[in-house]
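Novice: One letter stands for each residue in the lines below.
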Amino acid sequence: MPARTGAQPACPRRLRLVFPADPLAVRQALHDLHEGLRDCPVSPQCRATMELVLAEVLNNVVEHAYADRGGEIEICVQRSGGGLVCCVADSGRPMPHGALPPGDLPGTDAADLPEGGFGWHLIRALSRDLDYRREGTRNLLRFHLPAM
Amino acid sequence: MPARTGAQPACPRRLRLVFPADPLAVRQALHDLHEGLRDCPVSPQCRATMELVLAEVLNNVVEHAYADRGGEIEICVQRSGGGLVCCVADSGRPMPHGALPPGDLPGTDAADLPEGGFGWHLIRALSRDLDYRREGTRNLLRFHLPAM
Amino acid sequence: MDISFEHSGDMVVARVNENRIDAAVAIQFKDRMRELLQTAAPVVVLDLSQVAFLDSSGLGAVVAVMKLLGPGRRLELAGLTPGVLRVFRLTRMDSVFTIHDAAPPSLRHAG
Amino acid sequence: MDISFEHSGDMVVARVNENRIDAAVAIQFKDRMRELLQTAAPVVVLDLSQVAFLDSSGLGAVVAVMKLLGPGRRLELAGLTPGVLRVFRLTRMDSVFTIHDAAPPSLRHAG
Ligand SMILES: Nc1ncnc2c1ncn2[C@@H]1O[C@H](COP(=O)(O)OP(=O)(O)O)[C@@H](O)[C@H]1O
Ligand SMILES: Nc1ncnc2c1ncn2[C@@H]1O[C@H](COP(=O)(O)OP(=O)(O)O)[C@@H](O)[C@H]1O
Numbered sequence: 000m001p002a003r004t005g006a007q008p009a010c011p012r013r014l015r016l017v018f019p020a021d022p023l024a025v026r027q028a029l030h031d032l033h034e035g036l037r038d039c040p041v042s043p044q045c046r047a048t049m050e051l052v053l054a055e056v057l058n059n060v061v062e063h064a065y066a067d068r069g070g071e072i073e074i075c076v077q078r079s080g081g082g083l084v085c086c087v088a089d090s091g092r093p094m095p096h097g098a099l100p101p102g103d104l105p106g107t108d109a110a111d112l113p114e115g116g117f118g119w120h121l122i123r124a125l126s127r128d129l130d131y132r133r134e135g136t137r138n139l140l141r142f143h144l145p146a147m
Numbered sequence: 000m001p002a003r004t005g006a007q008p009a010c011p012r013r014l015r016l017v018f019p020a021d022p023l024a025v026r027q028a029l030h031d032l033h034e035g036l037r038d039c040p041v042s043p044q045c046r047a048t049m050e051l052v053l054a055e056v057l058n059n060v061v062e063h064a065y066a067d068r069g070g071e072i073e074i075c076v077q078r079s080g081g082g083l084v085c086c087v088a089d090s091g092r093p094m095p096h097g098a099l100p101p102g103d104l105p106g107t108d109a110a111d112l113p114e115g116g117f118g119w120h121l122i123r124a125l126s127r128d129l130d131y132r133r134e135g136t137r138n139l140l141r142f143h144l145p146a147m
Numbered sequence: 000m001d002i003s004f005e006h007s008g009d010m011v012v013a014r015v016n017e018n019r020i021d022a023a024v025a026i027q028f029k030d031r032m033r034e035l036l037q038t039a040a041p042v043v044v045l046d047l048s049q050v051a052f053l054d055s056s057g058l059g060a061v062v063a064v065m066k067l068l069g070p071g072r073r074l075e076l077a078g079l080t081p082g083v084l085r086v087f088r089l090t091r092m093d094s095v096f097t098i099h100d101a102a103p104p105s106l107r108h109a110g
Numbered sequence: 000m001d002i003s004f005e006h007s008g009d010m011v012v013a014r015v016n017e018n019r020i021d022a023a024v025a026i027q028f029k030d031r032m033r034e035l036l037q038t039a040a041p042v043v044v045l046d047l048s049q050v051a052f053l054d055s056s057g058l059g060a061v062v063a064v065m066k067l068l069g070p071g072r073r074l075e076l077a078g079l080t081p082g083v084l085r086v087f088r089l090t091r092m093d094s095v096f097t098i099h100d101a102a103p104p105s106l107r108h109a110g
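Chain order of the listed sequences is X, Z, W and Y. Mapping to numbering that gives the first Met the number 0: the first sequence position 67 is 66, numbers consecutive. Mapping to numbering that gives the first Met the number 0: the second sequence position 59 is 58, numbers consecutive. Mapping to numbering that gives the first Met the number 0: the third sequence position 93 is 92, numbers consecutive. Mapping to numbering that gives the first Met the number 0: the fourth sequence position 41 is 40, numbers consecutive.
Pulled out of the complex, with its shape left as it was, chain X reads as follows:
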């Protein structure tokens, strides 16, 4: 990569991204955050957890909040202790019933295996202090990822 040639290791105080609600832009955003934390005192496990939890959150924003019609997503990631605080904002439709989905695991009945519905379960299993608010026309989600 031509970038970062002769770069000095630097851990940014805060990472912010704004990008369209589109699977490839989501992929690049996850890559950018992962790279952006490279020189930070955050464990590889914590970064991997961030990548998975944010992937689930962002896929839901693309598919459900924006219903695959596109829109703008904003992410902030900040260090906190050895862990991370993440914020995600979108201007799509609100969560069903104005609250976070429970994240119950679908059954594993061999006759009718689920192909979806795992997202909120993973988010809840891996994050702490999950908080959702609707502010005007925006969805604001905030959570903590513990040091690992």
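Hint data in this document are derived by calculation from the structure and do not stem from the laboratory. Computed from a predicted structure; not experimentally measured. Misleading hints may appear alongside valid ones.
[Stated by the list, open to error] No farther apart than 20 angstroms at their CA atoms in a straight line, the calculated lysine to aspartate or glutamate pairs in the EDC-like style are these:
#1 W:K66 with X:D111
#2 Y:K66 with Y:D30
#3 Y:K66 with Z:D108
#4 W:K66 with W:E34
#5 W:K66 with X:E34
For chain X, the structure is supplied; the task is to place chains Z, W and Y with the ligands on it using the hints.
Specialist: Frame of chain X, contents of chains Z, W and Y with the ligands only:
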């Protein structure tokens, strides 16, 4: 692409992106803007010009303003007539002498062909109303791309 | 989506030569596997040793492929990296699939 | 960076099988061409018909390749798409290179 399945054509009022100063993130940003204008009344020529001019501006921010050390870049693109108004902001070092480079073409002397120095010439040749300001610790660049 | 196939007796090994199975490629993964699974091998081993990242869209696609095989055939998994294994564990889908510890048997001989 | 080579008499055609030559790949482009140009053909035709986008980093890399060839050999360009041609025109580099209108001769026979 799974995204946009069943999507309704929609031209956003404004496109905004925030991403790291890194060649691959720049590439994705150019792609996102190009796609984001897909359903807009902006000609393919104007979109191609936007892609080239923004590529030059952004490459300079990555290489010179941030000196390949990374940082945050913000872009806004708004329609104006059949053309576009673009804004680019970064927190890197200021332009040399606090002003835009003249953009003189390097010579084409066969004995010593230039491998760089074309960027600002292209930007100036293809944009209108180019405006640079330093505001606090940020560089703000604004220009117009005419309808084509 | 680069997936290579290798036959070995009544088994076929499908090796995913990609870093990620995520929302951007889940449908491509399913479509490509559907094509490749025209073969009649009763056991299909999915070699995920190159896949560092799989999200719930990717998991859903793997389940969909298992269902495509129908009742007479079996999908088994091999070479799961730690990040991928974690997703199977957290969703209990590790109880649904036969998961081999190492690379698929047919490749083990070669390597 | 996918570049394929094809010899044809005392000429070699290098075909860039990529959409873009931009800042993210300019160095890879130069390095890959350097490797491939170990060959002794006096004329090298760079087939850019697959390249829809080239910025000034890409232009600089093409110039660098020309300089790598040294005085005894020639780099010619073929198959420039409108966007790429525009960059050569605006920077006057169209006066430095021999630019063929169509796909390179060796491929013209095939197609
Ligand atoms: N960001 C969101 N905005 C609106 N609705 C959502 C959002 N995320 C999830 N939902 C709703 O919650 C349900 C469960 O989500 P999830 O557990 O991720 O499973 P899946 O997305 O695979 O259906 C979704 O099917 C959808 O109806
Ligand atoms: N965004 C920027 N911030 C600081 N300096 C810049 C910036 N853009 C250009 N420069 C300076 O202006 C010069 C000319 O830029 P340009 O015409 O794009 O050519 P090149 O980048 O190929 O050298 C650069 O070499 C650099 O010194």
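Novice: For which of the previously enumerated hints does the structure constitute a violation, in increasing order of number?
Specialist: 5
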